[in-house]
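Novice: Each chain is listed here by its residues.
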Amino acid sequence: MKPITEAANRLDFEDKITGAARYCADIRMEGMLFAKTLRATVARAWIRAIHIPPLPSGMAVIDWRDIPGKNAVPIVTDDQPFLAENCVNYVGEPILLAVGPDRAETASFIRQIVVEYEERKPILTLEEAMGRDGDFISGNQPWFASYGYDKGDLEGAMRRAARCVADTFTTGYQEQAYLEPQGMVASFEDGVITVRGSMQCPYYIVDALKNALGWETDRIRVIQLPTGGGFGGKEEYPSIPAVHAALAAIKTGKPVQLVFDRKEDILCTTKRHPSQITIKSYLDAEGNILARDIDVAADGGAYAGLSSVVLQRMIYSIGGVYRVENLRIHGRVYATNKAVSGAFRGFGGPQAFFAMETHMEHIARQTGMDSVQLRQRHFLRQEDSTSTGGHLRSPVPLHEMTDLALRLSDYYRKREQPNTDSGKLRGIGCSVFFHGCGFTGSGEQDLIRPRVRLRKDVDGIVHVLASSAEIGQGAMTTLSKIVARTLSIPLSQVRYEYPDTKVCPDSGPTVASRSVLVVGKLLLQAGLEMKKRWSEKAFETEARFTYPKGFSWDKENHQGDAYLEYSWGANVVEVELDPVTCDYKIKGVWAVYDAGTPIDKKIVAGQVEGGMAQGLGYGGMENLEYADGKPVQVSFTDYILPTSLDLPPVTFRLVDNESVLGPYGARGLGELTLVGAAPALAAAIENATGRPVNRLPLTPEYLLEVMNGG
Amino acid sequence: MGEKISFVLNGANVSLETEPMRRLLDVLREDFGLTGSKEGCGEGECGACAVLVDGRLINSCLMPVLAVQGKRVVTIEGFRETARFHALSGSFDRAGAVQCGFCTPGMLLAAEALLTDNPDPTEEDIRGALSGNLCRCTGYTAIVEAIRNAAREGEGLWP
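Chains A and B supply the protein sequences, listed in that same order. Residue 804 in this note's numbering sits at position 603 of the first sequence, and the numbers go up by one each step. Residue 124 in this note's numbering sits at position 122 of the second sequence, and the numbers go up by one each step.
The set of hints was computed from the structure by calculation and includes no laboratory data. A few of these clues could be false.
[As the list claims (entries may be wrong)] No farther apart than 25 Å at their CA atoms in a straight line, the calculated lysine to aspartate or glutamate pairs in the DMTMM-like style are these: (1) Lys788(A) with Asp33(B); (2) Lys802(A) with Glu125(B); (3) Lys802(A) with Glu147(B); (4) Lys455(A) with Asp33(B); (5) Lys802(A) with Asp33(B); (6) Lys481(A) with Glu329(A); (7) Lys786(A) with Glu617(A); (8) Lys831(A) with Asp462(A); (9) Lys455(A) with Asp496(A); (10) Lys788(A) with Glu125(B).
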């Protein structure tokens, strides 16, 4: 048998290459109506009145009074309404929907509706939120979540320290910019609401519908359609348009399609949390890092959403790949009157690793050390304890990986001769990082207890029944390969349909680099059971997650194994920068990853190349700012995504370090590939310019400020 | 308001009576049910709606249907019937150039427009030709490789 890693043909390939795949906007149903959303145009206000013109025949309006259950999006807390009642908290917040048979007329009707607002003083920036002492957006304080934990003895280490190096970093928004905008289509028949659409987490939508409708699960069905990218942006957000479309379908008795246009999508959907991170490192006279005092602040937007969970990942990642025995780590995520910040590939990791890795560069610069050697001296090793006191059970091949990345890129030669003859400045920099796989702590066990089933038909075809969504990342193919391998049958004998909650159990959301590690492992277990009974004609097997022995997590005190598994990475980026304009070109990208055994090397290559592109976009060109409570960049004309001309190919290697927990030795990879790009880019720019940077994105405008000593 | 517009769509003569300023993209998707052309941005930035008009790659979200009067329009639904498509499809598969698939039809037509003009493109040429087609999944590397391989292996297809 070939090694599992050998590339397979993607199961969704034919459908997509021929253009036959039907995404949400491609769906047409008999009598279908089109929905359009009326959205808040002010950042914070009481709604005093809404003036709706007489309804043309065939049209309907849906507002919060049409919600029979609870007007609250069920995420971590329930502060966010599906539809605004008497107040709005961000520009773009949904107030009501109009539905009608003609899309243009429905949109035109929405534009005729007048909302009378009584404006309130909004909180528009992280700084304003931090300084606020009253009139809060939510509850009795300016933040949604505030966490802290310690390791060792910070005060004692500070007394022993010879010096302190301190930095404050800020990072901006990033828009997921999946190519397919958000979309849902709902139909209501025989008392059952069916919602189809673009999504990562079918069961989040089931929960949202249960909450909004007050119905039992047997009257709710959610089916994923081919999904044009997600990157976290279709984790929690789609619950909102799903409920909107469902309410309209129930009210009108007709199928309803709700598809965003791009401006609307950028305006109102979740984005990566902006952050401000301060790190103080205390060093002895030999340059050993004795202790760190770290403060993380993140901008959560108007409602809590997943902010508390993102903050957890930020504070569990901010220690970096380093063994520092004395730590104080504190983090808060604040409320502001802007679109809700949410899940985005990396989930708090990109901000944390940019800050920590750039800080390591600054320590080296200020103490006259080589920044790679400084890192190497402090690398975590197998059997070390993590910042939360978790146990690193597996080999931690950071030395091997870093050496390989440096060799591939010819790092030291380039690092020492940064200038070129052409008048351009050349620079090269590296980053070393990790991504914790699966839900935080014991969340897999406590929050979802994921399940999968396999069904064998009389014809010998095996159906995978799992709620993991194919969003382009290759989940369908990867998970099917695990099943085929376990059963020793060809891949062509395995079927993986887009998840339908009527037939697929809840194997958890398609997030957190958990699909291969957790869902893949469950499929392997269900497969082993099926293999034992293979001679039976038609039957099903099931597997359910159990928290592995020896792991522990204390959620209240942030102590123990923050993640089930860790994937590791080392990146090198080389740039050439014009000292006059500060415009720069990325000349080379090298990457080494440890994600265990790859299940499919072609799919893994796609994750590496795509994640790196998105990470370099985050680091360099993707700039989204708010002014007066409104996003300044709301289209692809001004929110600039990397094109084919902006990026060189990535030279990458995978190290061989089998996971003990994961199926066939695999760990999570999808997010890891984004996390290290921005800090390596920052280090390269610092090498080229000789100036420290402390902000993302690294736009030429910002670098001009840096070069001019600003 | 209606005007009669006639053109050749995927090799067949078609005509319709419609408002002449409607976007070609909407006419293709709604009047002809050709949903392989996607709307990613609606303002000509992403290329997901790209089709060929008289062999030239254009964003159908920016073109009024009036502008294709008497012209030849090829969408993915027409292109997929050709030998060139099959060469590109094979190389896209081998290179791993498809992930979410939303940019894919536009990418294929961009590749076809390039190879028709330049059957032996350099990597630089390919990257230039794709610069109007955004892909958020692949980082472009696999797509560039796929097009280069198709050009190499598809000898005689793009003379």
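Novice: Now, for every hint given, state plainly whether the structure supports it.
Specialist: Going through the hints against the structure:
Proposed proximity of Lys788(A) and Asp33(B) is contradicted: the alpha carbons are some 46 Å apart, above 25 Å. Among the hinted pairs, Lys802(A) with Glu125(B) is consistent with the structure: their alpha-carbon atoms are about 23 Å apart, no more than 25 Å. Restraint check: the Cα-Cα separation between Lys802(A) and Glu147(B) comes to about 16 Å, which is no more than 25 Å; the hinted pair holds. Taken as a hint, the Lys455(A) and Asp33(B) pair is honoured in the structure, with Cα atoms around 22 Å apart against an allowance of 25 Å.
Restraint check: the Cα-Cα separation between Lys802(A) and Asp33(B) comes to about 42 Å, which exceeds 25 Å; the hinted pair is violated. Restraint check for Lys481(A) and Glu329(A): satisfied, since their Cα atoms lie roughly 23 Å apart, inside the 25 Å limit. Under the criterion of a C-alpha separation no larger than 25 Å, the hint pairing Lys786(A) with Glu617(A) is consistent with the structure, at around 19 Å. A distance of roughly 17 Å separates the Cα atoms of Lys831(A) and Asp462(A); the hinted pair therefore holds under the 25 Å criterion.
In summary, the hint linking Lys455(A) to Asp496(A) is not supported, as the alpha carbons are separated by about 52 Å, beyond the 25 Å threshold. For the given pair, Lys788(A) sits about 15 Å from Glu125(B) by alpha-carbon distance, which is consistent with the 25 Å threshold.
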